[in-house]
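Colleague: Produce the entire structure from the sequences given, and follow the hints as far as they go.
Top to bottom, those sequences are chains G and Y.
My numbering numbers the first residue of the first sequence as 1 and each following residue consecutively.
My numbering numbers the first residue of the second sequence as 1 and each following residue consecutively.
FYI, nobody ran anything at the bench for these hints, they're computed from the structure.
Beta carbons: idealized from backbone N, C-alpha and C, even for Gly.
Careful, some of the hints might be misleading.
As the list claims (entries may be wrong) - Listed next, the stretches of chain Y that the computed footprint assigns to chain G, with coverage defined by at least 3 CB atoms under 8 Å from CB atoms of chain G:
#1 13 to 19
#2 27 to 37
#3 289 to 301
#4 307 to 319
#5 329 to 342
To be verified - No farther apart than 20 Å at their CA atoms in a straight line, the calculated lysine to any residue pairs in the SDA-like style are these:
#6 Lys337/Y to Leu135/G
#7 Lys337/Y to Leu138/G
#8 Lys287/Y to Asn234/Y
#9 Lys337/Y to Gln131/G
#10 Lys337/Y to Ser134/G
#11 Lys230/Y to Asn106/Y
#12 Lys337/Y to Ser132/G
#13 Lys156/Y to Gly166/Y
#14 Lys162/Y to Ala173/Y
#15 Lys287/Y to Pro191/Y
#16 Lys337/Y to Pro130/G
#17 Lys269/Y to Arg167/Y
#18 Lys287/Y to Ala245/Y
#19 Lys269/Y to Ala178/Y
#20 Lys337/Y to Thr141/G
For reference, the chains in residue letters:
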Amino acid sequence: MSRPMNHTRFSGAQRLLHWTMAAGIVAMLFIGVGMLSTVAPSYVPLVATHKTLGMALFALVLVRLVLRVVLGAPPLPADLPAMMRFGAILSHWGLYGLMIVLPLLGWAMLSAADYPVVLLGHFRLPPIVPQSDSLHTLLWTAHRWLAFAFFALILLHVAAALFHALVRRDGVFEAMSPLPSGEPERPA
Amino acid sequence: MSRSSPRSPLVPLAVIALVVAGSAAAFAYTAGWLSPERLTPTRLVAALAPPGGPALGHRRNHAKGICFTGEFQSNGNGVALSTARVFTAGAWPVLGRFNLATPNPNAADATVRVRGMGLQISTPDGDVWRSAMIDPPIFAVSTPRAFYDLLQSAPKGGEAMKAFVGRHPEFTAFATWAGTAPWTSSYAEDPFNSLNSFLFTDAGGTTRAVRWSLRPVATPVSITPDELAKRGPNYLEQEIASRVAAAPQRWTMVVTVAEPGDETADPTKAWPAGRRMVEVGTLVVNKVIAEPDGPCRDLNFDPMVLPRGMSVSDDPFPAARSSAYARSYDLRTSEAKDYPRTAAAGSAKP
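Modeller: What follows is the structure in structure tokens.
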């Protein structure tokens, strides 16, 4: 899906998107479980923020995919064991897939329940599916369980990133690090 | 263990394990999984269920009801209070539901003191205003937590309710209404009140706290619960269906504006007399449809579905109701097979 870069780090734009979206997605997951656990007045702003941030992240992931296709990604280290290489590729497909699917499921789930989809600032989105009890149940269940899967995958992603940074020290973490690199280019 | 050189992976691995475990714990805490005392929508809705369990496929409260359609004839006066399109002069389509405040869809009419109306008004700009109102002039308790307390105390009766009233003396006003207010034999003769306060914002940007009411145009005729019981367990639905078939039924919508110092956060407190009241239009109900395959069945009359020009006030109930209604909706739509859509099966009420 993408051509390997002949340099060792993601572009500045890709790193900025990664860390912006990382903060947004973690916030989304916490707001999601938090709003469903309360009947307090905070429920209202939490839901409004969840919907708005979710659609913003959906827009950002589309930009991110374009950049990924156009700019590619640095190659994984040549000495990375096959299992870790496989896990890296598989988990990244999973992460991208969930970034795309979860906002669509949320939007469709609200549509299937005949709720007006209103974001902060009273920005209203059209329904994308008709009202349906069975469809709503399916979408709601999928949204919920895929969100838990997303959180688990993010924990795995964080563990793997720290493993690269602290144990293997193989440059994989530095490729996406938000900090400027000390060594500008590594021979590809 | 002897390889405790600076390159030992033990410390980094411990750091990784801590980061993952800490994140998972924070997530579990946020989700309420570590907080059995947190009042979640799940617990609130579960507390509504009668001893035999909830009626699957039905609303978890206000389970007995009947759909209607009609229009809201706005006279334009509400424009002075809110920029919502619904208040500009015109007629806007309405979908609603008359209901009884019971978790039992088969409850006999005369056994249910509180009646309600769910209402949705749609305007051509795409905005939607949903409201769920009831007929008492004040609510039973001041906070959602107190409502949960009421749900847990009421089934125990006697001493438990005495203790409840001790904790929540505001309940007395509602109990007095329930014990003394006349009953009617028709939804068309009942008022329906928002009870909760909302904020209306006008074109000039001025925001005011308001409550609204639907006042019946029909003259109320009082009836004792015993007399109502004699007319049959489902008399109210039969009556409103035939009454509306004979002639459209009307309610006047009145918006009451709070003054500084009025209790906007506590729906057990009526506002003093003499507040500014604006008649904003007339609700006309011109068709009644059985719920099983009716248009109100799959609609959540979520009080947070508000048009532009309306918003939530410091009243804690709309948020709690929105959260609990969503839970009820998620449950009942997943149980749709337990509530058949054919009118014949749905009308098989005892």
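Colleague: Just pull the numbers of the violated hints for me, sorted ascending.
Modeller: none
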